[in-house]
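Make a model of the complete structure from these sequences and hints.
Chains V and H, in that order, are what the protein sequence lines are. Going by this note's numbering, the first sequence opens with residue 1, and the numbers climb by one from there. Going by this note's numbering, the second sequence opens with residue 1001, and the numbers climb by one from there.
None of these hints come from the bench; they were simulated from the model. By construction, the Cβ of each residue, glycine as well, lies at the ideal position given by its N, Cα and C atoms. Among the hints, erroneous ones may be present.
[Said to hold, decoys possible] Cut-off 25 Å, straight-line C-alpha distance, at most; resulting in silico cross-link-like pairs (DSS-like, lysine-lysine):
#, chain 1, residue 1, chain 2, residue 2
1, V, Lys292, H, Lys1046
2, H, Lys1030, V, Lys297
3, V, Lys292, H, Lys1048
4, V, Lys237, V, Lys306
5, H, Lys1014, V, Lys306
6, V, Lys9, V, Lys39
7, V, Lys306, H, Lys1030
8, H, Lys1046, V, Lys306
9, V, Lys297, H, Lys1022
10, H, Lys1046, V, Lys297
11, H, Lys1034, V, Lys306
12, V, Lys297, H, Lys1048
13, H, Lys1048, V, Lys306
14, V, Lys297, H, Lys1031
15, V, Lys306, H, Lys1031
[What the hints assert, rightly or not] Covered by chain H, according to a simulated footprint, are these stretches of chain V (three or more residues, beta-carbon under 8 Å):
#, region
16, 239-251
17, 287-295
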Amino acid sequence: MPWYKDFEKELAQVFMESQRIVATFPPPLNHKGLSYLNKFDIHQEDSSKNYICYLLPFWLKEITHLKDADCVKLSVGNVFAMLYFFIQDDIMDNKTTLDRDQIPLANLLHMQFLEIYRSYFPSDSLFWAYFHQYIIEWTDSVSNEHQQDYFRTNIIMTARKASPLKLSSTGALVLSGQSELISTLTNFIDHVLITLQMADDWIDWMDDWEEGNYNGLLSMINEESHRDEPLTLDLIKNAIFVRGVMKRYTDIASANHTYIQTLELNLPYLISFHKTLIDHLIKDANQIEEDKLLQEKGGLYYWLSKNMI
Amino acid sequence: MTQQALLQTQIINKAWEDPSFKAQLLADPKKAIKEALGVIIPEHIKLKMVEESSDVFYLVLPSSPSERSPENIQTKITW
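Given below as structure tokens:
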């Protein structure tokens, strides 16, 4: 994974700087903030690893040519924005175990994100118009995804849940005097984010079904089922393991990969990251199909295939 | 031919040719397979043997792949 290995040193700097800033928060938010940050620190074993969030400014260096120090700062800003929006997600999902201190913590994280970006972009900068746009996109996506069934009706909107991520890519282009590339790059990133959301929805479909959360894979299964009733677990599992829905689901992600390469931006790391997402979806879809073909031949045949060297 | 297909072919051909193996297979298929081919099928799996005739066939319905847990399939990756 060169998109990660080539930036291990820089990632360490990002998290060190993020920890330094969070440690300055008034107690107990300093401790709670560090604890929350730890859940996303790639150096911690069981952490959530949102590589695109931490690494996007570095992956764009081929076109922005920004100094490493600026990439680190933009990335730290991204980390704070990410933590802020994850807390918003937790609040919206009405997690009953939510610590009320998460709300003042979120405000501090948001403030820190703004301080970083204000240090680069004065109030009359073009950047803030995009800030406005990406927040609007995020609100539209999270408020309306269920009712509008965006995966089926307007798939680009599934990427917009992560629109705040584009603050760092657009910021990098404004900083490097290449605002004319913003439209193409955000289109590129939107398509990567669609696939990222699809990969997450494949991993999370069971939890999402149980909790009633919107999920693109479940949307596709629902559409193919031609039923008005809510999806049952049996219906979902049959769609995945018998009717091969993952093949059609993966085809959408593969089409994204073909598309982003037509945009002709020199972004090998971002393309490589996207390929990693696609490859894992394809691997799982193929495994499901292979297992089904083995299962069709009978239990003994299946068992022998899994247990004989 | 795959290894597992080869194995099933070996079991069937041996039973066709060797009446004592066929009798063992009908009586205790797991033991017969273990002694003839060295394949050990674990305790928790029950293996049943049926013999077709020229006008009695068996259509076996395997268990559905949908009974499998998705965690067995999903590639563990973080991004």
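Now for the hints, and whether the structure bears them out:
no., hint, in the structure
1, Lys292(V) with Lys1046(H), "holds, 21 Å"
2, Lys1030(H) with Lys297(V), "holds, 19 Å"
3, Lys292(V) with Lys1048(H), "holds, 22 Å"
4, Lys237(V) with Lys306(V), "holds, 21 Å"
5, Lys1014(H) with Lys306(V), "holds, 23 Å"
6, Lys9(V) with Lys39(V), "holds, 19 Å"
7, Lys306(V) with Lys1030(H), "holds, 17 Å"
8, Lys1046(H) with Lys306(V), "holds, 17 Å"
9, Lys297(V) with Lys1022(H), "holds, 22 Å"
10, Lys1046(H) with Lys297(V), "holds, 17 Å"
11, Lys1034(H) with Lys306(V), "holds, 17 Å"
12, Lys297(V) with Lys1048(H), "holds, 16 Å"
13, Lys1048(H) with Lys306(V), "holds, 19 Å"
14, Lys297(V) with Lys1031(H), "holds, 22 Å"
15, Lys306(V) with Lys1031(H), "holds, 20 Å"
16, 239-251, "holds (count 3)"
17, 287-295, "holds (count 5)"
Hint check: no violations occur; every hint is consistent with the structure.
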